[in-house]
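Read off the chains here:
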Amino acid sequence: MTIVKSVTCPVCGCLCDDIELVVEDGKVEEVKNGCAICESKFIGYRGEHRVLKPKIRQNGKLVDTTLQEAVKKSAEILANANYPILYGWSSTSCEAQRVGVELAEEVGGVLDNTAVVCHGPSILGIQEVGIPSCTLGQVRHRADLVIYWGCDPWSAHPRHVERYTTFAEGRFEGSEWKGYLQKFKAAAGRKKIKRVMKQAPVKNPPSIEPVTPSEPPQKMKKDGRKLIVVDVRRTMTAEVADYFIQVEPNKDYELMEALRALVRDQELDVNSVAGISVECLEELVDIMIGCNFGIIFFGLGLTMSAGKFRNIDVAISLTRDLNMRTKFAIMPMRGHFNVTGSNTVFTWQTGYPFGVDFSLGYPRYNPGETTSVDVLLRRESDAALVIASDPVANFPKKAVQHLVKNPLIVIDPHMNATSLMADVVFPSAFVGIEVGGTAYRMDHVPLPLKKVVDPPEGVLSDKEILNRILEETRKIKLKQVEAA
Amino acid sequence: MELLIKNGFVFDPINGINSEKMDIAIKNGKIVDSIQEKNAKVIDASGLTVMPGGVDIHSHIAGGEVNAGRLLRPEDHVKDVERKTAITRSGVGYSIPSTFTTGYRYSRMGYTTIMNPSMSPLEAKHTHEELSDIPMVDKASYPLLGDWWFVLEYLQKGDLEECARHIAWMMETVKGYAIKIVNPGGLESWGFGRNVHSIDDRVPGFDVTPREIICGLCKVNKMLNLPHTIHLHTNNLGVPGNYATTLETMKCLEDLAGDDKPVAHITHLQFSSYKGRDWRTMKSGAEEIANYVNNHSHLTMDMGQVIFTDTTTMTADGPFQFNLYNLTGHKWVNHDVETETSGGIVPFRYRRKNVVNATQWSIGLELALLIKDPWKIFLTTDHPNGGPFTAYPKIIAWLISKKARMATLKRTHPKAIKRSILSSIDREMSLYEIAVVTRGGTSKALGLKHKGHLGVGADGDVAIYDLNPESIDLPTDYKVVRKAFSRAKYTIKGGQVLVKDGEVLQEMYGKTMWLNVETDEPCRIPEEMKTKFRDYWTVEFDNYPVSDHYLRSQSPITVKASI
Amino acid sequence: MVQQKLRVILLTGRTIEQGVGKERGKASQEYFESVSMCYMDPEDMKKLGVRNNTNILVTTKYGSVVVKAVKYRRAPHTGMIYIPYGPWANAICSHETDSIGMPTFKGIPAQVAPAQNKPVLNMEELLKIEFGK
Chain A
6 MTIVKSVTCP
16 VCGCLCDDIE
26 LVVEDGKVEE
36 VKNGCAICES
46 KFIGYRGEHR
56 VLKPKIRQNG
66 KLVDTTLQEA
76 VKKSAEILAN
86 ANYPILYGWS
96 STSCEAQRVG
106 VELAEEVGGV
116 LDNTAVVCHG
126 PSILGIQEVG
136 IPSCTLGQVR
146 HRADLVIYWG
156 CDPWSAHPRH
166 VERYTTFAEG
176 RFEGSEWKGY
186 LQKFKAAAGR
196 KKIKRVMKQA
206 PVKNPPSIEP
216 VTPSEPPQKM
226 KKDGRKLIVV
236 DVRRTMTAEV
246 ADYFIQVEPN
256 KDYELMEALR
266 ALVRDQELDV
276 NSVAGISVEC
286 LEELVDIMIG
296 CNFGIIFFGL
306 GLTMSAGKFR
316 NIDVAISLTR
326 DLNMRTKFAI
336 MPMRGHFNVT
346 GSNTVFTWQT
356 GYPFGVDFSL
366 GYPRYNPGET
376 TSVDVLLRRE
386 SDAALVIASD
396 PVANFPKKAV
406 QHLVKNPLIV
416 IDPHMNATSL
426 MADVVFPSAF
436 VGIEVGGTAY
446 RMDHVPLPLK
456 KVVDPPEGVL
466 SDKEILNRIL
476 EETRKIKLKQ
486 VEAA
Chain B
13 MELLIKNGFV
23 FDPINGINSE
33 KMDIAIKNGK
43 IVDSIQEKNA
53 KVIDASGLTV
63 MPGGVDIHSH
73 IAGGEVNAGR
83 LLRPEDHVKD
93 VERKTAITRS
103 GVGYSIPSTF
113 TTGYRYSRMG
123 YTTIMNPSMS
133 PLEAKHTHEE
143 LSDIPMVDKA
153 SYPLLGDWWF
163 VLEYLQKGDL
173 EECARHIAWM
183 METVKGYAIK
193 IVNPGGLESW
203 GFGRNVHSID
213 DRVPGFDVTP
223 REIICGLCKV
233 NKMLNLPHTI
243 HLHTNNLGVP
253 GNYATTLETM
263 KCLEDLAGDD
273 KPVAHITHLQ
283 FSSYKGRDWR
293 TMKSGAEEIA
303 NYVNNHSHLT
313 MDMGQVIFTD
323 TTTMTADGPF
333 QFNLYNLTGH
343 KWVNHDVETE
353 TSGGIVPFRY
363 RRKNVVNATQ
373 WSIGLELALL
383 IKDPWKIFLT
393 TDHPNGGPFT
403 AYPKIIAWLI
413 SKKARMATLK
423 RTHPKAIKRS
433 ILSSIDREMS
443 LYEIAVVTRG
453 GTSKALGLKH
463 KGHLGVGADG
473 DVAIYDLNPE
483 SIDLPTDYKV
493 VRKAFSRAKY
503 TIKGGQVLVK
513 DGEVLQEMYG
523 KTMWLNVETD
533 EPCRIPEEMK
543 TKFRDYWTVE
553 FDNYPVSDHY
563 LRSQSPITVK
573 ASI
Chain C
39 MVQQKLRVIL
49 LTGRTIEQGV
59 GKERGKASQE
69 YFESVSMCYM
79 DPEDMKKLGV
89 RNNTNILVTT
99 KYGSVVVKAV
109 KYRRAPHTGM
119 IYIPYGPWAN
129 AICSHETDSI
139 GMPTFKGIPA
149 QVAPAQNKPV
159 LNMEELLKIE
169 FGK
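Same order as they appear, the protein sequences are chains A, B and C. Here the first sequence is numbered in our numbering, starting from 6 and rising by one per residue. Here the second sequence is numbered in our numbering, starting from 13 and rising by one per residue. Here the third sequence is numbered in our numbering, starting from 39 and rising by one per residue.
Hints may be right or wrong, so weigh each one.
[As the list claims (entries may be wrong)] Heads up, simulated EDC-like pairs for lysine to aspartate or glutamate below, C-alpha to C-alpha not over 16 angstroms straight-line: (1) A/403 x C/134; (2) A/10 x B/552; (3) A/402 x C/162; (4) A/66 x C/162; (5) A/403 x C/136; (6) B/542 x A/111; (7) A/402 x C/134; (8) A/482 x A/111; (9) B/96 x A/107; (10) A/37 x B/552; (11) A/456 x B/554; (12) A/10 x B/554; (13) B/96 x A/111; (14) B/544 x A/107; (15) A/402 x C/68; (16) B/544 x A/23.
Rather than coming from a laboratory, the hints here were simulated on the basis of the structure.
Just chain A, same shape as in the assembly (with noise of 0.2 angstroms):
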C-alpha cells in the first residue's frame, strides 16, 4: 500500500492539488480531502464501462481491431479531409494539446475546444473589455465580499468556497466557516418548528418569505467576509449566501447595467429591476462600494442565456466601474480542469484560444463563422476529430446530425456517446491518473498531474496516440504529394 500525496485532481477548474490516494496493488483505493466527483473519478476511472481496445466500425457496427488499424484509418480520414474538425481538449493535458495544435495545422483543419459551447462567451466579452483579475490564493487573502452569479459552485466546484473564497483562511480576512455552522444550526430549527406549526391546526399560517428580500439581511452589516449568490433558481450555494438574489431569467444584462448606473451615482426612474427592487439595489451596490477587495465568480447562467458575450461585457465593465471607487476582480468559473489550458496553449502557439481555422495555412479566428457548432450547421466539415470531450451530448441536436454524417474518430478513456457514434475509437489512458502532464486553474495557474498507477496494458496518453496519429498523417501526405 502506498500514499500518494498532492496529487491535483483532474475534474473541475479548481484543480484542488491536495488530494491524497491511497494506492493498492496498482489500483486507487481510497481517496481523501476530495469532493464527490472527485472521488467518483478516482475510483470510478477503472468502472466496468471501459474499454480496453481501440474500436473500427465496419458494416455499422464497432468492432475490436488493433492500434496500427486504428492509427491508419484515423490517419487516411485526416489526410483526406478537406475540413476537418479537431474538437475537444479540455480534458486533457497540455502536452497533448501541444501535438493537437501541430495536427491540426497539418491537416488544415479547425482546432476547437469545449470553451466554445461553455465559457466562449466569456472570452468574446474579455475580447472586447479586457478582465480585471486575480488569482485565486489572492481572494483567499483579500476577498471581503465574495458574489457567485450564475453559478452553483456547490454543484460544479464543490470545494471552491472551502479553498479558495469565503470558508477559506487568509492573511487578511478569515473563515466564515463557524458563522455558517451556526446559521445552519438555526435554519435546522427554524424548519422542524415550521413542520410542527404545518401539523398543527393554525389558522394563520406563517407566509413565505419573499424570494429577495427587499433589504439587505442584517450579517451584511457584519465585519468579515460576505457571500452573495445572484442566480435565477434558488441553488446548493444560494443556502448558505448571507446574501441571495433571484434574477428573472435572461435579464441578468439588464440588472447587471442598473447596478453599473448605480455605482455611478445615476438615479434610476423604476421601481424594480429583474424582478429586484430598486432600494435592494442600492442596497446591494453600498456593500460593493464599500468592500475592501471584492470578486465577482460568473457561470454559465450568464454565458448561456439571452445576451451571452454581452453579458460577460456588462459583467466586466461593472467590475472595472467599480474599481474606481474600491478594489474589484471577476473570474469566469471554469468547467473541465484544463479548458484554461486549452485555451492557453492554443493562444500561445496561434494567437487564439479558441475557433482556430488552418485551412488557409495560418491560423485564423472569426466566432461564428471558424467555431465548430458553426461549421456543423453550416455543413461545411468533412470529418472529425474528438479528444476527450463528447459533443453527441453536449451539442444541440442540429448540429450532432452533421457531425456524425462524416467519418468520426474519438479519442477518450471512456464510452460515452460521441464513441458509440464514431468510425474509429481509441480507449486512452486517464490523464492525472494514469498519466501525467500540466492543467491550468481557472485562475490560470498551472499545476502538474501525476501518474498515480499503470495505465492498463496497451492503453496509450492521448499525446502518444496523437503523435502516431500526426506522423501517419504525414506519411500519407507526403505520398499525396509525392504521386501528384
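Dock chains B and C against chain A, hints included.
Just chains B and C now, kept in the frame of chain A:
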C-alpha cells in the same frame, strides 16, 4: 560540424575588435582558434559585417502576461500572419507574436539570446512551457521577487542572509536567472488597490519601504554572486515628474557600489525619465538622468524606446496599468498573483502627433545618445511596451544617423520638439557602438560568459549583415542599415546556419538558462517552506517547483554564493 | 384545475449528481439517472397533476424528450424547469449561436405535459432515434 566564416568585417566589442577583417571558426558549436578549411562549411563574408549573435536583455516574449495579451487582442494578430511552410510552423505576429513566430522573427534579425524579464514564480511553469515553444534562440527568465511576502518579511526583520537563502531557493525552484523588482512595494499595495508614491512610503501591512526593498535585494544579489545585477523597474514609472524618483533610486544604490562593477540595472529607463507636474506639462528629464549616469558607474540601463505604432503594454506594475487604463479607457487586464506580484495589460497606440507620445519617443533616444558610455545603456523597446522588437532596426537607424532622427522628429507634434533636446544632439553611433548596445554590452551586463562575443570558447552564435563598413556612410545610408538589420544575411546558432537572406533555413530549439545557486550551508528552506506553504499559497509545496519536464533543453549555470 | 400543458422556461446546467455520474462513466446507471430527469417547482407539478418521479414530456421549438420530473427542494421557482446537461437536455436545446459560436442552453421557452405512460429512453435508444446510428 565545422563552420568557417571568411573575410568578414568583424565587430566584437568585448574583445575590442572593431571592423577587423578576419575569419571566425566554429567547431562543435563553439568558437575555436582555427579549423581546417577543407573539412568545414565555408561562408564567404567578404564585404559583410560579422557580429556576435544579438542578446536582448529585456523582452516580454513568454508567460502568463504575454499570453493574456495575445488572448486579449485578436485584432492585433489578424493583420500580420505567418504561413506554415515545410520548415516552419504557422503563427501570428505584430505586437505579441505567437511563440514560433517570435523565435523566427528574432532569428531573422540575427538575435540568438533573449531574456524574458517578468515571470511570476507561481506561474513559472507557464513561462517555461512557452519558452520551450520558442525556437531559434537561447533564453532565460527573471522571476518577480520584489514584493514576494517572504522577501518583505525578512527585510522587515532585517535578516538579509535568510532572505538571500530564500532567493537562492527560488531561483532553482522556478528556474530563474535574475532578481526582477517591479515598482517595489507598489505591487503589494495594489492588492488592496493602492500604490506607493516615493521610495520612502511604507508598504501597507509590512513595515518596509521601497528603498529598503531595493537596497536589501541589491545586497542579497551581491551575497549570492548572481551573474546579473538586480533588474529594476522603478517606482512611479510612467508618471510625469518621475525622473526625481529615478534619481533618488539611483542615488540610494551609490553606497552599495564597492568596486567599479554595476550593482543594478534600471530597465526601460525612458518610462522613468519624465519631468513636469502632469501630462500637460510633461517634458524630457533625460538630460538630468544622463548627467547623473555619466558621473557614476554603478548602473546599467536599457532604453525602453517608444515606436509610433499600435502595441500592447504589459507589466507586472498593476497600478501603472490601471492608470493607463484610466487614461485611455481601453481594454484592461489586471492579474494579481497571490503572495508574489501583480500584472496588467492595456493596448496602446503611440502617435507621432501626440505631444506626450512624441516626447516619450525623444526621451528614449536622448538617453541612449546623452549617456556617453554605450556599455551602460542598451537597445530595447521593452517589447511590446514601447513597440514590438521587430522595430529594432528602426532604432538602430535613429542611433546611427541624425538625418534619420530628424526625419522622424520633424513629423512629430511641433510642441514635442521643444520638450526635449534631441534636435540639438549630434552624436551618431558607429557600428561598433551598435554592436555594444545590442550584444556586447547586454551580455556583459548579464554576466553571460559565452555570449555576445566571438572569442575562443564562446558559443558559436553569429550574425552576418549585408553591410560593407568600408563603403557605406552610415548617417546618410541609414535606410540600407535598417534593411540590413531587419534581414540578417546569415544567422548562425551553435554553428548551425538557421537563417539565410532573412529566411529560416532550419528550425532549432535553443536552451533555457537558469541559476543553480549553491549556498554554504545546506539549504533549510524547504522544511520551513513546507510548514508555511499552505498559509501563503493555494497550491501544494510539491506542485510548486518547475521540474525538468518543463524545459525542452536546459543549461543550468552554477553560482557559488558567499553565504 | 389540472392543466394539460404548462408553459415554462427551460434551464440546463450542472448538478453534483451529474458530475459524479459523468466521472463514473457515461454508460453508467448513475449518469443515466442524473441527467434523464427534470427539476420542477412543486406548484407547477400540482398545476399539471404530475407526481414526484413520474415522467413528463418536454417540448421546445427544437424537439421534445421524455424525462422524469423531480420535485425541486429549494423552491420556489415557478415557471422554470431545470434539466442537467446531457443528451436528453440537448435533444431540446437551441442550436442558435447568434453568430458567436455559442448555442443557447438556458432560458429557452418550453412546454411541459404529463407523460406517465411514455418511457424515458436510454442513451442508445435516444441516439438511435435522434441520429440513426
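For each hint, the structure was consulted:
no.: 1; hint: A/403 x C/134; in the structure: holds, 10 angstroms
no.: 2; hint: A/10 x B/552; in the structure: holds, 9 angstroms
no.: 3; hint: A/402 x C/162; in the structure: holds, 15 angstroms
no.: 4; hint: A/66 x C/162; in the structure: holds, 13 angstroms
no.: 5; hint: A/403 x C/136; in the structure: holds, 15 angstroms
no.: 6; hint: B/542 x A/111; in the structure: violated, 45 angstroms
no.: 7; hint: A/402 x C/134; in the structure: holds, 11 angstroms
no.: 8; hint: A/482 x A/111; in the structure: holds, 9 angstroms
no.: 9; hint: B/96 x A/107; in the structure: holds, 10 angstroms
no.: 10; hint: A/37 x B/552; in the structure: holds, 15 angstroms
no.: 11; hint: A/456 x B/554; in the structure: holds, 14 angstroms
no.: 12; hint: A/10 x B/554; in the structure: holds, 9 angstroms
no.: 13; hint: B/96 x A/111; in the structure: holds, 9 angstroms
no.: 14; hint: B/544 x A/107; in the structure: violated, 41 angstroms
no.: 15; hint: A/402 x C/68; in the structure: violated, 23 angstroms
no.: 16; hint: B/544 x A/23; in the structure: holds, 15 angstroms
Comparing the model with each numbered hint stated earlier shows that hints 6, 14, 15 do not hold.
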